[in-house]
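Number of protein chains: 4
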Amino acid sequence: MDYQKILDEIYAEIKPELTRGKVADYIPALAEVPQEQFAMSLTLADGSFYSVGDSKQKFSIQSISKVFTFTLALDIYSKDLYKRVGVEPSGNPFNSLVQLEYEHGKPRNPFINAGAITVTDTLVSHYGSEEKTIQGIMDFLCLISANEELYFDPIVAASEMEHGDRNLALARLMRSFGNFENDVHETVLTYSKHCAITMNTEELSRAMLFLAFGGTDPITGKIITSPSRAKRINAVMLTCGHYDASGEFAFNVGLPGKSGVGGGIVATIPNKMSLSVWSPGLNKYGNSHAGTIALEKFTTKTELSIF
Amino acid sequence: MDYQKILDEIYAEIKPELTRGKVADYIPALAEVPQEQFAMSLTLADGSFYSVGDSKQKFSIQSISKVFTFTLALDIYSKDLYKRVGVEPSGNPFNSLVQLEYEHGKPRNPFINAGAITVTDTLVSHYGSEEKTIQGIMDFLCLISANEELYFDPIVAASEMEHGDRNLALARLMRSFGNFENDVHETVLTYSKHCAITMNTEELSRAMLFLAFGGTDPITGKIITSPSRAKRINAVMLTCGHYDASGEFAFNVGLPGKSGVGGGIVATIPNKMSLSVWSPGLNKYGNSHAGTIALEKFTTKTELSIF
Amino acid sequence: MDYQKILDEIYAEIKPELTRGKVADYIPALAEVPQEQFAMSLTLADGSFYSVGDSKQKFSIQSISKVFTFTLALDIYSKDLYKRVGVEPSGNPFNSLVQLEYEHGKPRNPFINAGAITVTDTLVSHYGSEEKTIQGIMDFLCLISANEELYFDPIVAASEMEHGDRNLALARLMRSFGNFENDVHETVLTYSKHCAITMNTEELSRAMLFLAFGGTDPITGKIITSPSRAKRINAVMLTCGHYDASGEFAFNVGLPGKSGVGGGIVATIPNKMSLSVWSPGLNKYGNSHAGTIALEKFTTKTELSIF
Amino acid sequence: MDYQKILDEIYAEIKPELTRGKVADYIPALAEVPQEQFAMSLTLADGSFYSVGDSKQKFSIQSISKVFTFTLALDIYSKDLYKRVGVEPSGNPFNSLVQLEYEHGKPRNPFINAGAITVTDTLVSHYGSEEKTIQGIMDFLCLISANEELYFDPIVAASEMEHGDRNLALARLMRSFGNFENDVHETVLTYSKHCAITMNTEELSRAMLFLAFGGTDPITGKIITSPSRAKRINAVMLTCGHYDASGEFAFNVGLPGKSGVGGGIVATIPNKMSLSVWSPGLNKYGNSHAGTIALEKFTTKTELSIF
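Chains A, B, C and D, in that order, give the protein sequences.
Going by my numbering, the first sequence opens with residue 1, and the numbers climb by one from there.
Going by my numbering, the second sequence opens with residue 1, and the numbers climb by one from there.
Going by my numbering, the third sequence opens with residue 1, and the numbers climb by one from there.
Going by my numbering, the fourth sequence opens with residue 1, and the numbers climb by one from there.
Among these hints, one or two may not hold up.
As the list makes no split between identical chains, a pair holds if one copy fits it or if it spans any two.
[Stated by the list, open to error] List of simulated lysine to any residue pairs, SDA-like, C-alpha gap at most 20 Å:
#1 79 with 300
#2 58 with 94
#3 106 with 163
#4 83 with 284
Derived by calculation from the structure, the hints in this document are not laboratory data.
Since this is a predicted model, take the numbers as computed values, not measurements.
From just these sequences and the hints, can you work out the full model?
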C-alpha cells in the first residue's frame, strides 16, 4: 500500500478541520500552542516510516505518557498492579472523583487521571524518588523510541502543578482509602513531569512499535514486554484510551489508541504498524479533533482495523 | 491448527469450573437449568465447524439476542439509530437507571438493558406490532444461522414479564424523556420474547459468522450487513458486550463478544471464525463463568486475538 | 396582632412578584392557570380566620395532598410505615430515581414523589381499591377542613396519568425491589387523583389546623392524630417539605410547610395558627415563587417562627 | 418544671445505652476515650443551670465547633457567605465528595466537612493567618461561654492532620473549582485545631445560650449576633445538624442541634434554654448514641419541642 500517498491525502482533506476544536486551556503553558498544526507518522516493522505535516515539531505528550508508565509498572509489578488499579472503562470524565469514592479509592483503569497517578505512585515506590522515577521513565522512553535524549518541559510541568488541585484531590482521596504509598505532592509532581515530556509524531510512532508487535521491538529485536502484556495493554487502550469517548473511538477508528490533551494520539495496528497523529485543537471529550478524524480516514482508506 | 484437539483440551480442563458460578435465578424459568453443562462451537469461512460438549442443547440466548436486534435496527435506521442510543461503555451494571436519568433518557449503548429495549422499540415502530417484530427477528435469525425454524420459550418470556419491573421502569423512564415510541408493555414484551429465543452453540456460532467476515456470510455469499457496520458492531461488542466486565473480557479474552444470562457467549475473530460457548453458571457480573474461561483458554492456546 | 393588616400589607407588597416565577407546564391542564393570582389565609385556634386575595379560588393542591395521605397512613400503620419510607431529606429533585436505586427501592421521605406513591400504595392496600382509597382520603379531608364535599379535577388527574411516565417508572423501580403491593397503574392513578384535589387557601389553612395544635382540632375538639405524630409530621414538613429547597425554606421562612406545583403552600406555627398561601408562578425548585416570599414576609413582620 | 429531676431520671434510664454505640476510631487520639461516660447540662435565661453525670469532663467538641465558626463567619461576611456555601441538607455522608463534584465545588451547607472547611477558609482570609484565626475563634468561644480560657488538644489536632487526607481532598477539590482562598494545608490545619477544642457540657450549654435567645446572651445582655441570624443558624442546625441523620433527629428529638464525633451534642429550645449532652459511643451515622436518646427522652418528658 502506498502509505505516503494516503498520508498526503489525509493531510489535504484534514485542513478544514484544523480550525475546529479548541486548544487545551486548563493550564496557560498549553493554551499558547498555535492551533492550526497537524502531523501524522507511521512506522512499520522493517523500520520504514512515513510522515506528513509538522512531524518534527515536539509537543506535550500529556496522557500518552500513561501508556508508557503503565507498561513499565506492569513489568515491575506484574499482576499485583491490578490490586491497585482496574482495567474497566469508567464511563465518566477523566478527572472525576465520584466513582473513586463509590469504589473505595481504586481507580477503574490506568488511563484516567486517578489510575495514572496510582501507576506513578507505584513507580515512585519502585525507583525511590521523584528524580529517579523521571529518570527511569526517560530511559525507558529513549529505549523504545530509539532516542538518545528526551526532555520534559519544566514550564508545562510547573504550570500543571500550579493548576493541579484536581489531581492532588484525587491523590488525597486515594490516600484516604489507603491506596497511596508516597508523599502526595511528590507523586503528583512526578506525574506532572512525565505528562510534560515533549515528543513529535515520528518519535511517538516509533515508541509504540513494540506494542504493535507483541512486545518486541521488530527493528532492534529487543523484548520490551511479554506478548501477553502487549496484548493486554492494547486491550486497555481500546476500551479505556479516550476517557468517556473510548467507545466512539473504537467505533469510528477501530484501533487501540491513547490520546493526550496536548493534541497527540498514538495507535497500533497489531502485527502491522504503529501510528501517531497530532493536532492541538480538542473535541469536547478532550481528544484531538483533527487527529481523531485523521485516524478514522486512515482506517477507512486502508481498510485496516482490528475488527 | 487442530481446532478439535484444542476444543477437546478445553473441555477436559474446564470441568472443575462447571460447579463454580451461579445459575441465573432472577426468573424461576432460568433457575431450573442444571448447572454442570458446557458446550463450545466454532465455524470457519469454508463452512467447516467444530464442537465439543452439549452443542446440540438449546438454551435461552437472552442478551445475545441484542447483537441481532442491533444489527437489524442498524440496517433499518442507519445512523439515525444513534440519536436514540449511544455506543459508549456505561461503567454501570446492566440494569441501572442512574446514568439514564443523568443523561436524559438516552442509553449509553445497545447492549445494556435500556439500550436494547430502545432498539426493540425502534423495531416495533418499523414492523408495526409485537407479533410482526418477533417474526422479523426470527426470520433474520433463521437467515443468518441457516436454520429453517427457531422458537422462543413462552414460559421464559412470560416469567421474564412477570419479573420485568426493572425493564418496565427503564422503559417508563425513557418514555418520560421522550425517547420511546410504542406502548411500554408491548415493547418490553417483544424484548422479553426475543431474549427467550432458544438456540445451541452450533447455531449461534453459525449465526455470528457474517460478523466475523465483514457483514457477508462467507458460506452462502449473502450480504447481511455492510463491512463498515460489521466492523462497528464488533467494536461495540468489544467495548460494551459484557456490561461492567467489558474491560476485563477485552483484557483477558481479547475478542469482540456478547454474553447472556442464560450462560451463552458469542464471539468473533475477524477474518478467521465465529465462536459460541455455553455454560449456565454465571460469575458476579452475570457472564458465564466457565464460558469466559473457555474463551480465554482458546485465545491463549491458539494465540488468536484481535490485539 | 392585627393579622388582617399584615395580610393586606403582604398583598400590596407581593404584587410585583406575581409576574415572576413560571406556572407549572409539565401537564397541559395545569399550564392553563392564569399566573397573576394570589391568596393567603390563616386560621387561629378559636376559629377566627383571616384572608386576602383570591382565597375562594380553588386550585390543584398537588403535593400538599401528601401531608394528608402521610397522616392517614401513619394512623393506619403506625411505625410500620417507616419500614417502607424514611424521614430523611433527599438532597435530590422531587422525581429523581437515582437515590431510589442506590437505596434499594426505599424512598427517603413521604414528600418526594417516590415516597408519596409508596404511602398511597399502603392506603390502597388498606382500603382495598382505588375508588375506596380516594373516598377515604376525601372523607378525611372533609373532616379536617370542616367541608361537606370536596372534589378532584378529573381532567387534571387524567392529564397527570397521561404524562405520568416518571411516576410509573418510580413505582416500577420500587416494585422491582419488592417495595410495592398493588397494581402499579392502580396506585399511580390513585396518587394522580389525590394530587388533583382542588381546594382554596381558606379550606387548606383550616385543614392544617390540627397539625398546628398537637393533632387535635382546637375548634371541634376532635382528635385527628396523636400529639407525638403531629409533632413528627411537622418535623418532616420542615426538613423535607420543599424538595431540594427544604433547607432554604426552613432558613428563610422558619416554619414547617409543604408546597405543591399548583402553587399552593401550607404551613403551621405550632400552638399558634395554620396558614395557606397560593400563587401559581413557581421558582426553579417547583415551589410557589410569590407564596414563598409571602410566608417569609409574614414571619418577618410577625416575628413568629419556630426558631 | 423540675429539670434536675428530669435529668436524674434520664441519667438512670440511659445507663444500659452507654455500652452501645462505638467510640470514634478514625483517629487514634479519639479512640482512647473510655466509652461509658455520660453528661448532660442545660442553661436557662436567668443563668440557672442543671447538670447530671460527668459534666465537668472536657471532651473534643469536633463538629460542634462548626456552629461557632459559622456564627463568626456570618457576622463577618453576612449574606456574602452564601456565595461560598449553601444551607441545604446534603442527603449524603459528612465527608462525601460526590455532591461537591456535581455541584462545582460549592458545599451544600456549613455543617458537612466541605462546608465547614470553606467557612474556616473565610475566617483565615479575615484574620490573616492560622494562628490569628484560632485566637479569634477562641476569643469568641470564651465570650459566649463566659470562660477565661479554652484550649484545643494539640495531640488530637495533630492526629486529625495525620489522618486528614479526606479533608485535604475536599479542600483540593473546592480549590480546583475556585472556591478556596488560602493555602490548603493552613486552612485544614486551622480546621483541625478548632475541631480539637475541648469543652464540657456545662460550658457548651452556656455557649449555646445566645442562640436560644435570638442572638443576645440573656445573662450578660451582650448582643452576639442579630435575631435574624440566630433564627437562621437554628434552622440550619435543624435541617443539617446531624449529617444524613438530620431528618431522624428532627423527627425524634424535634430540636435544632449539632453533633460531633467526640460524642457531644448541643441543642436549643428557642426562647427557653440551651442544652448539651455527651457520651462517646456513636451510632452508625456518627452521632452520639446515648446522647441522641437522652435528648429524645428530654423532649418527651418535658413536652418541649419546636413543633
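Hints, one by one, checked against the model:
Within a single copy, residue 79 and residue 300 get their C-alpha atoms only as close as 36 Å, which misses the 20 Å cut-off; across copies the closest is 17 Å, which meets it. In this homomeric assembly, residue 58 and residue 94 never come within 20 Å of each other (Cα to Cα): the closest approach is 24 Å inside a single copy and 43 Å across copies. Only between protomers do residue 106 and residue 163 lie at most 20 Å apart by alpha-carbon distance; the minimum there is 18 Å, versus 23 Å within a single protomer. Taking the shortest Cα distances, residue 83 and residue 284 sit within 20 Å of each other only across copies (18 Å), while inside one copy they are farther apart (32 Å).
Checked against the numbered hints listed earlier, the structure breaks hint 2 alone; every other hint is satisfied.
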